[in-house]
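We have chain A already, so just place chain B on it with the hints.
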Amino acid sequence: MNKILIADYGMGNLGSIKNMLKRIGAEVEITSSPKAISECKKLILPGVGAFDVAMDKINSSGIGEALNHVRKEGSHILGICLGMQLLTLHSEEGDCEGLGWFNATTVKFNFDGKGLSEDLKIPHMGWNRISINPAFEGKEQVKILQNIPDPKRFYFVHSYRVVASSPDEVLCTTMYGEEFVSGIQKNNTMGVQFHPEKSHKYGMALLTNFLRL
Amino acid sequence: MLEHRVMPILTIKNNGLYRTVKYRKPKYIGDPINAVKIFNDKEVDELILLDISEDRKWDNEKVKYYREISEEAFMPLCFGGRISRIDHAKRIFDSGFEKVSLNSSAVENPQLISEIANHYGVQSVVVSIDININIFGSARVYTDLGRKRTHLRAIDFAKQAESMGAGELLVTSIQNDGCMCGYNLETIKQVSESVKIPVIANGGAGSFEDLLDGIKKGKAHSVAAGSYFVLNGPHRAVLISCLSSTEVMKITEI
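Which chain is which? The protein sequence lines are A and B, in order.
Residue 476 in the numbering used here is what sits at position 176 of the first sequence, and the numbering runs on without skipping anything.
Residue 166 in the numbering used here is what sits at position 165 of the second sequence, and the numbering runs on without skipping anything.
Here chain A stands alone, though its shape is the one from the complex (with noise of 0.2 Å):
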């Protein structure tokens, strides 16, 4: 149970995650190939860029099927940046369905109107830190995000965030001129905002809990 698959839709940069893997021991396959997906137990879908290129990429190359299909046979999956939005059912960037395993859509920062003193940039670009849902506090469902060191910090690059509509499916949040989602998850299915390939040791405890999920 030490292999993780990572999927390869030409999108994102998946040495850095395979790195981190590799490090703390993990057997990893970068695949593209959908018959691959279809049979892995554990899965990561990285994802940097535009949220409708890489929804095209997944439904044109099969990927998509063999996600959905891999999840209802209750393999782990966990989406990292616009891997995790790509869980939602829809993106505020593009027109593209996304795969809607989540009751949650993604939207664009926007601070106008809020009465912020701070001048806030998009990108959220740097370090910030992760509160775990209270209502997780030592379930099952926080297994994910155990043994990370406090404060727990964590490196963030995004321009959109998600929004979720049913608050059991909120892993964790942070605060960026407003509190917002920064970790999803339902039953074998989670996402993060955050880079835990590029966190140090924060991402790979939390890497290291899903090697052991």
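Check each hint, because a few of them may be wrong.
As the list claims (entries may be wrong) - The list that follows gives simulated cross-link-like pairs (lysine-lysine, PhoX-like), each with its CA atoms no further than 20 Å apart:
1. B:LYS14 with B:LYS65
2. A:LYS452 with B:LYS251
3. A:LYS501 with B:LYS38
4. B:LYS65 with A:LYS322
5. B:LYS251 with A:LYS414
6. A:LYS408 with B:LYS65
For the record, the hints were derived by calculation from the structure and aren't laboratory data.
Same frame as chain A, now just chain B:
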């Protein structure tokens, strides 16, 4: 909320780690990969690597070398040095770096900033502005490792870089490079106040107080330093060091 970042800058020449004073007299310090490993263990916020080799070639060996470096770093990485085309940037991103830093090419071909920003996102482009203060007290932009003077005023060029799509500006005072006497706070402040994108102060930091000043007085969003992280004491002995946890807290709490 978003934290201020503190970033060591490693200056690399022909695969060796060097430190300069006023961009001159490169002094050999050690092995870059070893230094990256140490900074990774110390969990620095971000690392900037600037290749100052004269060689303009983009062969596979160079790319392979930088991939080896990125494999040792579990934090965001920025690379600068002779990036004059978008495919140079692509090779760096493919090697595991998140950002590229453009210096001479941003002045000679500002369109390159937009090209990379449009393709890879604004967060992936840092424009590095090297400045000297002229005899009339005006901060002017220099290129080509500080050897070539341009007529551009620092704040004008900063605004131009921002409008072309730069995600951040790395502002370095050449006169203060390696002096460990503090940043050129006045210029850093002028630039920080003229743009909305984050400014990283660089050039001259020699103490923790200098870093604090860069943020408090220079109004920079983040601070960088070369010598401060690799040299120590009056004799400038080689010693790679990082902030203590108390110091990190102080920066975070600003």
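Tested hints:
| no. | hint | result |
| --- | --- | --- |
| 1 | B:LYS14 with B:LYS65 | holds (15 Å) |
| 2 | A:LYS452 with B:LYS251 | holds (17 Å) |
| 3 | A:LYS501 with B:LYS38 | holds (14 Å) |
| 4 | B:LYS65 with A:LYS322 | holds (18 Å) |
| 5 | B:LYS251 with A:LYS414 | violated (29 Å) |
| 6 | A:LYS408 with B:LYS65 | violated (37 Å) |
Violated hints, listed in ascending order, are 5 and 6; each of the other numbered hints is respected by the structure.
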